[in-house]
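Visitor: Here is what each chain is made of, one letter per residue.
There are 2 protein chains.
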Amino acid sequence: MNFPSKLIEDAVTEISRLPGIGKKTALRLALHLLKQNGAVTEALALALTRMREEINYCKTCHNISDHEECSICQSHRRDRSLVCVVEDIRDVLAIENTNQYQGLYHVLGGVISPIQGIGPEELKIESLLSRITEGEIREVILALSATMEGDTTSFYLSKRLKDSKVKVSTIARGIPVGGELEFTDEVTLGRSILTRINYSQD
Amino acid sequence: MNFPSKLIEDAVTEISRLPGIGKKTALRLALHLLKQNGAVTEALALALTRMREEINYCKTCHNISDHEECSICQSHRRDRSLVCVVEDIRDVLAIENTNQYQGLYHVLGGVISPIQGIGPEELKIESLLSRITEGEIREVILALSATMEGDTTSFYLSKRLKDSKVKVSTIARGIPVGGELEFTDEVTLGRSILTRINYSQD
Numbered sequence: 001m002n003f004p005s006k007l008i009e010d011a012v013t014e015i016s017r018l019p020g021i022g023k024k025t026a027l028r029l030a031l032h033l034l035k036q037n038g039a040v041t042e043a044l045a046l047a048l049t050r051m052r053e054e055i056n057y058c059k060t061c062h063n064i065s066d067h068e069e070c071s072i073c074q075s076h077r078r079d080r081s082l083v084c085v086v087e088d089i090r091d092v093l094a095i096e097n098t099n100q101y102q103g104l105y106h107v108l109g110g111v112i113s114p115i116q117g118i119g120p121e122e123l124k125i126e127s128l129l130s131r132i133t134e135g136e137i138r139e140v141i142l143a144l145s146a147t148m149e150g151d152t153t154s155f156y157l158s159k160r161l162k163d164s165k166v167k168v169s170t171i172a173r174g175i176p177v178g179g180e181l182e183f184t185d186e187v188t189l190g191r192s193i194l195t196r197i198n199y200s201q202d
Numbered sequence: 001m002n003f004p005s006k007l008i009e010d011a012v013t014e015i016s017r018l019p020g021i022g023k024k025t026a027l028r029l030a031l032h033l034l035k036q037n038g039a040v041t042e043a044l045a046l047a048l049t050r051m052r053e054e055i056n057y058c059k060t061c062h063n064i065s066d067h068e069e070c071s072i073c074q075s076h077r078r079d080r081s082l083v084c085v086v087e088d089i090r091d092v093l094a095i096e097n098t099n100q101y102q103g104l105y106h107v108l109g110g111v112i113s114p115i116q117g118i119g120p121e122e123l124k125i126e127s128l129l130s131r132i133t134e135g136e137i138r139e140v141i142l143a144l145s146a147t148m149e150g151d152t153t154s155f156y157l158s159k160r161l162k163d164s165k166v167k168v169s170t171i172a173r174g175i176p177v178g179g180e181l182e183f184t185d186e187v188t189l190g191r192s193i194l195t196r197i198n199y200s201q202d
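First to last, the sequence lines map onto chains X and B. Everything in the first sequence is counted per the UniProt record's numbering, starting at 1 for the first residue and increasing by one. Everything in the second sequence is counted per the UniProt record's numbering, starting at 1 for the first residue and increasing by one.
Heads up, a few of these hints could be off.
Because identical chains cannot be distinguished in the list, a pair is counted as satisfied if it fits within a single copy or across any two copies.
To be verified - Straight-line alpha carbon distances no greater than 25 Å define the calculated DSS-like cross-link-like pairs of lysine-lysine that follow:
1. K165 / K23
2. K167 / K35
3. K35 / K23
4. K35 / K165
5. K124 / K165
6. K6 / K159
7. K23 / K159
8. K6 / K124
9. K124 / K159
10. K167 / K24
11. K59 / K35
12. K24 / K162
13. K159 / K35
No wet-lab data here; the hints were simulated from the structure.
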C-alpha cells in the first residue's frame, strides 16, 4: 500500500506489529482513531505506556499485580497447600472464572519451546522449587495446554518435582463437557478411555 | 473479568474500545506488549499520538496528507477533468491499487446515515460543488459503497450536481470478476442484466 502520509504509514506499521493484526485492519483502526476525539487516542497511548512501564509482578507467584504480592497470594481464604502451575495470566483468569479452585497459582511465563528458543531457564521454575522447599505446599497441579510444548513442560516439571515430597497432578484430558463422542478426535477419545474415572470409587 | 492489576485493566479497556476488538483479544494484545521490549510499546504509543495530533488533510480533496495539498492533487500526470468521489482514504488506496484510474479524488469523509446522525452537512459536499464551479472538472464519478447509505449519498449528490454542467456517473454494479452466476444474489444479478453493456457499441 502506498500511503499518502508518513504519519499514517508509521501508525499502521506499528499497529500491524501486534499479533493477528494485518495492514488492512491496522489501517481501519488508525482511521477509526482519526474519526474519534483526540482524547481517545491519548487515553489509549497513555494506558499502553503506563502499563508497559509500571507493571509489577507478584514476588511469589509471578502473576501480574499492582502490589508486591498479588491479591490471590495475600488472601487468607485460599488453600495454601495447593499450587496450580499455569503458563500466563490469561490461564489464571480462566481458572478463576470457573469458581472451582481455591488454591494458589504459579505463573511460569511461558512453556518450553525449543523452536522459539525458550528453555527451562527462561521460565519461573527455580522459584517454584524454592516455594516448595518452604514446606507449606502439598500438591502441585500442572494446568498447562495439551500441546506438544505444554506436555514437554509438564514432563520436565514432574521430573524436577520427583524428589520433593509434594503430590504432582495434572488437569484431566478428555471429551469436553457438551461434546459429542462422534466428533471428538481419536487421540482425545483414546486418552479419555485410558484415564477413565471409576464411578464405584470409594 | 477480574484483573489483578489496574494498569492492565486500563490498557484492556482502552484497547477494546477499538472496533472489532473484544476484551479477550485486548488482553492478548496487552500481554503481547508486556512480553516484548519496552521500545515496541513506546513506538506504538508515539506513532498513534503523533498521527492523531499532526495529521493533515489535503485542502482540495480532503484526503489524508502530510502537506497542504496531497501528492495526487499536486501531480501533473493526473487527468484534472475527472473527479472520483469516495467515502474515505481506504477507498482511495483501493482504487489506486487497481492502476486503472488517472483522475483526481474527492474524499467525502463518510456517507449520509440518518441512524448514525450523519447528514449531508457533515460531509465535504460544499467543497466538491465549489471545486466544480472552478470549471476544470468535466466528469464526477460516484464510487460509493453499494449499501443503503452509499446509494442515498449517490442519489443526494446526483441531485445536487444536476444543475452543474458536469457529467455524473457511478461505478458499475454487477457480478464480480471470477464470480459464478449461480452464487450471485438476486439483486446484483438483476441489476447486472438491467445495466448490461452493449458489445456491439461503437
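Visitor: Which of the listed hints are not met by the structure?
Guide: 1, 2, 4, 6, 7, 10, 12, 13
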